[in-house]
Amino acid sequence: MTAQVSITLMVNGERVEAQVLPRLNLADFLREQLKLTGTHVGCEHGVCGACTVRVGGEIVRSCLMLAVQVDGAEVETIEGLSDSGEIADLQDAFRDRNALQCGFCTPAMLMAAQDLLQQNPAPAREEIREHLSGNYCRCTGYQAIIDAVENAARARVGRTA
Amino acid sequence: MSSIRSNPETLSVLDRPNSYIGKTVPRPNLDRLLQGRGTYVSDMELPRMAHVAFLRSPHAHAEIVSIDASAAKQMAGVIAVVTGKELSAVITPWVGVLSHLKGLKSAPQSAIAIDRVCWQGEAVAAIVATSRAAAEDAAEHVAVEYREIEAVTDMRTALDPATPVIHASLGDNLAWERVHDAGAVDEAFAGSDAVVEAEFIFGRHTGVTLEPRSVVADWNAAEARLTIYQGTQAPHMVQNIAALHLGLKESQVRVVCKDVGGSFGIKVHIYADEMAIYALSKLLRRPIKFVADRVESFNTDIHARDHRCKGKIGVKRDGSITAFEIDDLTGIGPYSMYPRTSAIEANQVVNLVGGPYTNKNYRARARVVYQNKNVMCQYRAVGHPIACSVTEGLVDLAAMKIGMDPVEIRRRNLIADDAYPCGSPSGLRFEQLSHHASLAKIVEMMDYQALRTEQAALRKKGVHRGIGIASFIEVTNPSAAFYGVGGARISSQDGVAVRLDAQGSVICQTSITEQGQGSESLTAQIVGSVLGVSMDRVRVILGDTDMTPYGGGTWASRGAGIGGEAALQATKILRKNILDVAAVILQSTPAELDIAGNAVVNVGDGAPRIELNELARIVYFRPDTLPPGIQPELMATKHFVPREYPFAFTNGVQAAWVEVDTDSGFVKLLKHWVVEDCGTIINPQLVDEQIRGGVVQGLGAALFEKCIYDERGQLTNANMADYLVPMSGEMPDIDVGHVVSPTRESELGAKGAGEAGTAGAAAAVTNAVNDALSPFGTIITEIPLTPQVILTAMGRI
Chain A
1 MTAQVSITLM
11 VNGERVEAQV
21 LPRLNLADFL
31 REQLKLTGTH
41 VGCEHGVCGA
51 CTVRVGGEIV
61 RSCLMLAVQV
71 DGAEVETIEG
81 LSDSGEIADL
91 QDAFRDRNAL
101 QCGFCTPAML
111 MAAQDLLQQN
121 PAPAREEIRE
131 HLSGNYCRCT
141 GYQAIIDAVE
151 NAARARVGRT
161 A
Chain B
1 MSSIRSNPET
11 LSVLDRPNSY
21 IGKTVPRPNL
31 DRLLQGRGTY
41 VSDMELPRMA
51 HVAFLRSPHA
61 HAEIVSIDAS
71 AAKQMAGVIA
81 VVTGKELSAV
91 ITPWVGVLSH
101 LKGLKSAPQS
111 AIAIDRVCWQ
121 GEAVAAIVAT
131 SRAAAEDAAE
141 HVAVEYREIE
151 AVTDMRTALD
161 PATPVIHASL
171 GDNLAWERVH
181 DAGAVDEAFA
191 GSDAVVEAEF
201 IFGRHTGVTL
211 EPRSVVADWN
221 AAEARLTIYQ
231 GTQAPHMVQN
241 IAALHLGLKE
251 SQVRVVCKDV
261 GGSFGIKVHI
271 YADEMAIYAL
281 SKLLRRPIKF
291 VADRVESFNT
301 DIHARDHRCK
311 GKIGVKRDGS
321 ITAFEIDDLT
331 GIGPYSMYPR
341 TSAIEANQVV
351 NLVGGPYTNK
361 NYRARARVVY
371 QNKNVMCQYR
381 AVGHPIACSV
391 TEGLVDLAAM
401 KIGMDPVEIR
411 RRNLIADDAY
421 PCGSPSGLRF
431 EQLSHHASLA
441 KIVEMMDYQA
451 LRTEQAALRK
461 KGVHRGIGIA
471 SFIEVTNPSA
481 AFYGVGGARI
491 SSQDGVAVRL
501 DAQGSVICQT
511 SITEQGQGSE
521 SLTAQIVGSV
531 LGVSMDRVRV
541 ILGDTDMTPY
551 GGGTWASRGA
561 GIGGEAALQA
571 TKILRKNILD
581 VAAVILQSTP
591 AELDIAGNAV
601 VNVGDGAPRI
611 ELNELARIVY
621 FRPDTLPPGI
631 QPELMATKHF
641 VPREYPFAFT
651 NGVQAAWVEV
661 DTDSGFVKLL
671 KHWVVEDCGT
681 IINPQLVDEQ
691 IRGGVVQGLG
701 AALFEKCIYD
711 ERGQLTNANM
721 ADYLVPMSGE
731 MPDIDVGHVV
741 SPTRESELGA
751 KGAGEAGTAG
761 AAAAVTNAVN
771 DALSPFGTII
781 TEIPLTPQVI
791 LTAMGRI
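As given, the protein sequences belong to chains A and B, one line each in that order. Take the first sequence: its position 58, counted from the start at 1, is 58 in this note's numbering, and no numbers get skipped. Take the second sequence: its position 251, counted from the start at 1, is 251 in this note's numbering, and no numbers get skipped.
Hints were generated in silico from the structure; no laboratory data involved. Possibly wrong hints are sitting among the right ones.
[Stated by the list, open to error] Here's a subset of chain B near chain A, in silico, CB distances under 10 Å, partners left out:
id	residue
1	S131
2	V295
3	S297
4	N413
5	Y420
6	N598
7	N602
8	V603
9	Q685
Even for Gly, the Cβ is constructed at its ideal location relative to N, Cα and C.
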């Protein structure tokens, strides 16, 4: 078996040094080595979106990226975004609108929604649907999620206006 | 919301001041899931835990000639490689039959295949290792020699004499057959002005829960106890079955169910590979974890709805339906699933066809056959989408034949709202339904006439839009008639224990389970309302056979109606007990006291008399200050099961507005409406979201989802790139309305709402597509309605 590789990176603002096998994907690295289990694994082939995290400020599917590829990078997960308060308003909007049922897609859905609102503070409903169309939710039928993101966007625009 | 019957006439315990019943309140404890701090089984780790990868059969049907695991056992991290034969030392096989499904037969099934595999994906060996990756590495070095056997794949020829019999001991490939004949069907058809026939074809699909099936089993040999952590809908059922087949007492098995990443009926069964994990833990005396990967999910999570159903309807010129007849055929894989069996879906189809209508002439045959594909079993809205699509498809075809509007033909045939209680020709009993109120409401919500006008205008411009309507009934609140009478140890009753803690908060233990529907919320809402405390004072404990009363769990739309009523009744007793002791403390009488706002108050003026935390302090810490002979009981337990009706039927109607691109064959869903009647609504938002989620699962079946097998029994699209599921971009907004007819079987009056959405969505969309294509004379009775199906039907490819 191939030897382990040393990587150093920032995860949710903390410096992490780790030994990883070259084949280890980022999702498994976060979950199994760092115990950051808020990042979920749904399909392991880049379709369901449940493993979405931020690397260098961009959302990526952590099942399609290797841990060795994040050497030197800045990785943010749902735990980081929650603890910093960055998405507290989105989380409130999801709670109020019951935009989650089983909650398995939710951390990644919030990641994708925050990504949209950073790019487009006042997205149209269709734009929200389009931006979240890579994140599978089997429970809600999506409408509550779209409503929650729309509500959070309006409130943010209201605050900065 | 409109109500066609109030229940009861006087103010009930639910109508108290500050009641949470009927109010939208956020579910408790969502922050855990919103912050990624939930505990799904896939997140769990235990000391000395080992991981399993299953080596699975690449063949649909083959003899296992030999298994050589010697090389794999030498690999780094490998703890054991266990075959079916080796595992049979600790676990017995099972047969998935129930006595009330007369004639149902199945063959013994083992946790891991012994000697023969019967579907592609059946486990042949378990590789146990220190990590899943190490187990998968080793799996590649287990050499299995197979001798392929001809696979039975086409349900249409499964019963032909020339087709091989999958299980010789059964004699043929027929699992079960039901024939039903009510009224005078032949005379009714003969006396009809028009008779229409069609064959309805349903794509085999599956649940695709986002979290795959996951289990951690921990046999502690020193305690002689097995703890099973599993995302299951029915913990006590798992306890019973695990104990039965491992030779344990139920008291030696604890089932713990924490957060569950989607269930929908997929996680209400017990799968062979899960049985293998329980057994491996016992065999190896350590915690064992298995999380299915997505390929395994597609190959082994139960499939559903693989039906071909011939249907026939008779109608008079005035629109009155004279008779329904169906001949349903379904292929369920090589075994009847355990312990709920795989005959229930076909049985439901026979039960439900024609259900909304007054017609009394009904003949049905359903045949359930074995084949070498993955097992099929109960998935959300069991049988309903088949029955609804057949019934509503036939009704639309009849309307088309006699030139009647689809809404009008339903108005003329739906059971009148004042005709209850009544029954159906298939033997169902309806307590109170509201088809006409529901239909009237949806026609208004969608502005039916305006849509027809818009449709006509757009047609002139070559834009083909269609409207589809589908009335339906839904089975909810099942009694023992569902499983218990057939010998399954699956509880139909549920229990709730509720107690006041020493600070005046409430702890509630319930046997229903939570998979995101809102079981925890509805329980807290009921307890808070009946007791008179705020919801934030109520903590709900569920999903643990050691910690909760005995009960069925959450499936078949039973949590609110059955578990909710148990919560209501238990809380009434606790309330009485609290008022009894309060009266002693306050030198008053219970009748003069009430509980509101977390305190005991005067009934008359509402003035606070004693805070609940103060009352609890006296009861728990200063009982010496109470008069002699007073022993307060600040904990109460009640159980509930419906007894009068086997099922609490609900009803509703769905409507779809779609556009068909007649060049590409793509269907665009523009809007969807639902009106349903689930009786008392505890939390309107949660009910609406159950409906919406259910509708979208039905829309997936209507347009996208199909497990595609080739003629050799190979599943060719076992991944999420090739098996399409609904994503946000293609889904419409869904308007939901309600009619409220509470059941009188319970004080709560709640019926279920979990499956209504899935029941009628595909029927509404199919009818809408056929409406859109009516200028082309094209009728399609097959789902999913892929571009290929549509263009083929139109003769364009």
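Hints, one by one, checked against the model:
The beta carbon of S131/B comes within 8 Å of a beta carbon in chain A, closer than 10 Å, and the hint placing it at the interface holds. Taken as an interface hint, V295/B checks out: its beta carbon lies about 9 Å from the nearest beta carbon of chain A, inside 10 Å. For S297/B, the suggested interface contact is upheld, since its CB lies about 9 Å from the closest CB of chain A, less than 10 Å. Hint status for N413/B relative to chain A: violated, with the closest Cβ pair at about 30 Å, above 10 Å.
The closest approach between the C-beta of Y420/B and any C-beta of chain A is roughly 31 Å, which is over the 10 Å cut-off, so the hint fails. The beta carbon of N598/B comes no nearer than 23 Å to any beta carbon in chain A, farther than 10 Å, and the hint placing it at the interface is violated. The beta carbon of N602/B comes no nearer than 35 Å to any beta carbon in chain A, farther than 10 Å, and the hint placing it at the interface is violated. Nearest Cβ of chain A to the Cβ of V603/B: about 35 Å, over the 10 Å cut. The hint is violated.
Interface hint status for Q685/B: upheld, as the beta-carbon distance to the closest one in chain A is roughly 5 Å, under 10 Å.
Figure legend: structure checked against the earlier numbered hints; hints not met, in rising order: 4, 5, 6, 7, 8.
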